[in-house]
Amino acid sequence: MRTVLVVDDEFGTVEVLVAALEDEGYRVLTAANGRRGLERLEENKPDLVISDFMMPLMDGPTMVAAMRADPAFRGVPVIMMSAAPEDALRKHMDGYDAFLRKPFRIPALLQAVAAILARAPGPTSERPDAPV
Amino acid sequence: MTSHGNTLKLERVPTGIAGLDRILCGGLLSGGVYIIEGVPGTGKTILANQICFNHVASGGHVAFVTLLAESHTRMLQHLQPMTFYKEEAIPERLYYVSGFRVLENEGLKGVIDLLRREIKGHQASLLVLDGFATTEESASSPREFKKFVHEVQSHAAAMECTVLLLTNGSEREISPEYTMVDGVIHLENTLFEHRTERTLQIGKFRGSDFLPGRHPFRITGRGHEIFPRVEAAFAVPTVRDDYSPRRQSTGIASLDEVLGGGLLAETSNGLYGPTGIGKTTFGLQYLAPCSEREPGTFFGLFESPERLRARAATLGIDLRGLERRGAVELIWCPQGEHILDELGHRMVDAVRRRGVKRLFIDGYGALVESATDPGRMTRFISTLGNELRALKATVVISMESRNIMGSAAELPEKGLSSLLEGLILMRYTELDGRIQRVVSVTKIRDSGFDPSLRRFEITSGGIQIGGALHGVEAALSGFAREPRVVAAEDLPPGKRREV
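Those sequence lines, one after another, are chains A and B.
Numbered per my numbering, the first sequence spans residues 1 to 132.
Numbered per my numbering, the second sequence spans residues 1001 to 1499.
Just so you know, these hints were derived from the structure itself, not from any lab.
Glycine residues also receive a C-beta, built at the ideal position from the N, C-alpha and C atoms.
Each hint should be verified, as a subset may be incorrect.
Interface residues of chain A toward chain B, partial, derived using beta-carbon atoms under 8 Å [stated by the list, open to error]: (1) 11; (2) 12; (3) 13; (4) 53; (5) 54; (6) 56; (7) 57; (8) 83; (9) 88; (10) 89; (11) 102.
If we strip away everything but chain A, and leave its shape as in the complex, we get (with noise of 0.2 Å):
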C-alpha cells in the first residue's frame, strides 16, 4: 500500500483529500502546517507529499525545501497546491514536482497522484499493490 502525506492547514480540504485518497487504496497521513509535516515525514516516510503553499507556521515551499536538503527525503515526490495561480508562486517554491490550483476536481488530483507514483515510485512502496 502507498502512502501519501497531506499537509494543509484548512481542515475542509483534509478531510476532502483523506476520503478520496483511501478510497483509491491509497494510506493517508496528515498534518496542519509545514513543521508538521516534517515530524511526520520522520515517523513515516511516504511515497508522496500533497501540500498547500499557506500554512502557519511553516510554508509549503520552506518545508519542501527542507526535505530536498535532506537525503533521506530528497526523492520524495512533492504535488504543491494552492488557491493562488502557479504564475504567482513559483518564484518562491523549488523542488515540487506538480502544481494543483485550488479548488480543483477529485479526479485530477487522483489522476496526478498516480502518474506521478507510475514515474517515480517512492521508497517504500510496494508496487504491486499500488492503485493505478
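With the hints as your guide, set chain B onto chain A.
Below, chain B alone, put in the same frame as chain A:
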C-alpha cells in the same frame, strides 16, 4: 530619567474605501483592534478582504487567519471577480492561513501564538481574524476569553498591527469584547417593504471622531461602495461658502426679466408644477448657455439622455454638441432601487469633478421615492443644498405637483420652501375655454422680482413668457375668472364699503 519629549501620535490606517474612510475621519488607528460584526450575508468577509487588498496596494502586509472550518479557497474564488482582488498580492503581501486546527488542538493559547507568529513572520501591518465568535465558544470561562482579547490587543499595539475581528455578533446585550476593543463596525441588512438596504454603523471608535448614524452601502463588483449619510457628511460644507450676490440667467430672457435679472447665483431653487407643464424644457434651456468655463449638469431620474437630446433638438439646442465640448454632462439615474445618499453623493461628485455652475435636478419626486425614510427629505435637501452652493453651483430642482389642475399648490414637503432661495410656480389654468400655462415667481430671497402672473407658451424656441395676466383672478386655482363685482349688501356687516 530622561524624557525625549516625543508624543506618540496614532497613525491612521486608511481602509481605502472612500466612503468608509470619510465616516472614520481618515481611517482606523494603527495598532487598534476593531470588531466587524453582522449576521451572515451582511458583507463582513468582502469588506475585510477589500480593506486587505487596499492595504496591500498602499504598501502594507496582511495576514488573514480564519478560524472557520470552511476553506478560504472558496472565499478567494468568490473574491476573484471583484475589481479590488489582485492575484499578484498573494502570498507575498497577503497571506491566508487557517487557524481552525490550532484552535481545536491548542485552544486560545495556541491561537495567540499563531497570531503573533503570523504578524511577525509576514511583517503584517494588518491582521484579520475571521470567525472570532469561535474563540469565545472555545474559551473555558469568560475570564479566559477576556484574557484572550486582552492579549490580542497587547500584541497588536506592541507590533503596530491593526486587527480586524470578524464575527456574527454576540447575542448578549453588552459583551466584554465590545467594551475592550477600540472600535465596532456594525453591518446590517434592513428590509423596507419589498426592498433591502444595507447599512453600516460605527458603534464605537476610540481616539477618533466619526460620522454617526447608519450609512447605506452597496456591494458591487467593486466591493463595498459606502455612502456616508448626507446629513452627517455635509453637516458643515466641505469648502468655505464665499458668497457674493449676483444674478445668473435662466437661459430664458423673458423669464430673467420677471426674476429681476435671473436667478440668484449659487443658490437652490425650486421649479414647481404639474406633469407636462415644461419643467424639463426649462432644464434644457437652463443648461443651453453652459460653456467649458461655466459647465452644467442635467441630473435626471426620469428621461433617458437619448430622449433629452432629441427633445433639446426640437428646441434648437445642440445638447450633443454641448456634451462634446464638455459644457454639459447628462447623468441619468433611471428609477430603480436607488439609495438616497448615493444620489446625493453622485450630485456632489459631479459638481466637484467639473466645477459645475449650473445643476438641474429632474426631479424631487424620484429622490423621495429612493428614500427609505421620507421624513429625512427636508434635512437632506438642506444639507445637500448647502454643500452644492458652497461648491458654487446654482441648483434648480424640479418638483411635480400632484394635481394637473385644481387648487392644491402645496410644496411636497413641509419646510421645503424655507430651504429654497428661489421658487418658480408653473400651473395650468382654464381661461376663455382653453387650458393655458401660467407662471409666477413666488420667491427670490432678499431680492426684488415681478410677482405678476404671466401666461407662457412652449414654442419651437422653447419657453416664451408672455405679458402679465390682467383682468382675471384665481388663475392659480386652475380656474381663472374675471373678478367678481360684489355688491355692498353681499358683504358681512362691518366690511361694507364701496366696491
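Okay, the hints, checked on the actual structure:
1. 11: holds (5 Å)
2. 12: For residue 12 of chain A, the interface hint holds, since the closest Cβ of chain B sits about 5 Å away, which is under 8 Å.
3. 13: holds (6 Å)
4. 53: holds (6 Å)
5. 54: holds (5 Å)
6. 56: holds (4 Å)
7. 57: With a minimum Cβ separation of about 7 Å from chain B (threshold 8 Å), the hint on residue 57 of chain A holds.
8. 83: Hint on residue 83 of chain A: holds, closest Cβ of chain B at ~4 Å, below 8 Å.
9. 88: Residue 88 of chain A check passes; min Cβ-Cβ to chain B is 6 Å, inside 8 Å.
10. 89: The hint holds - residue 89 of chain A has a Cβ within 8 Å of chain B, the shortest such distance being about 7 Å.
11. 102: holds (4 Å)
Violated hints for the displayed structure: none, as all numbered hints are satisfied.
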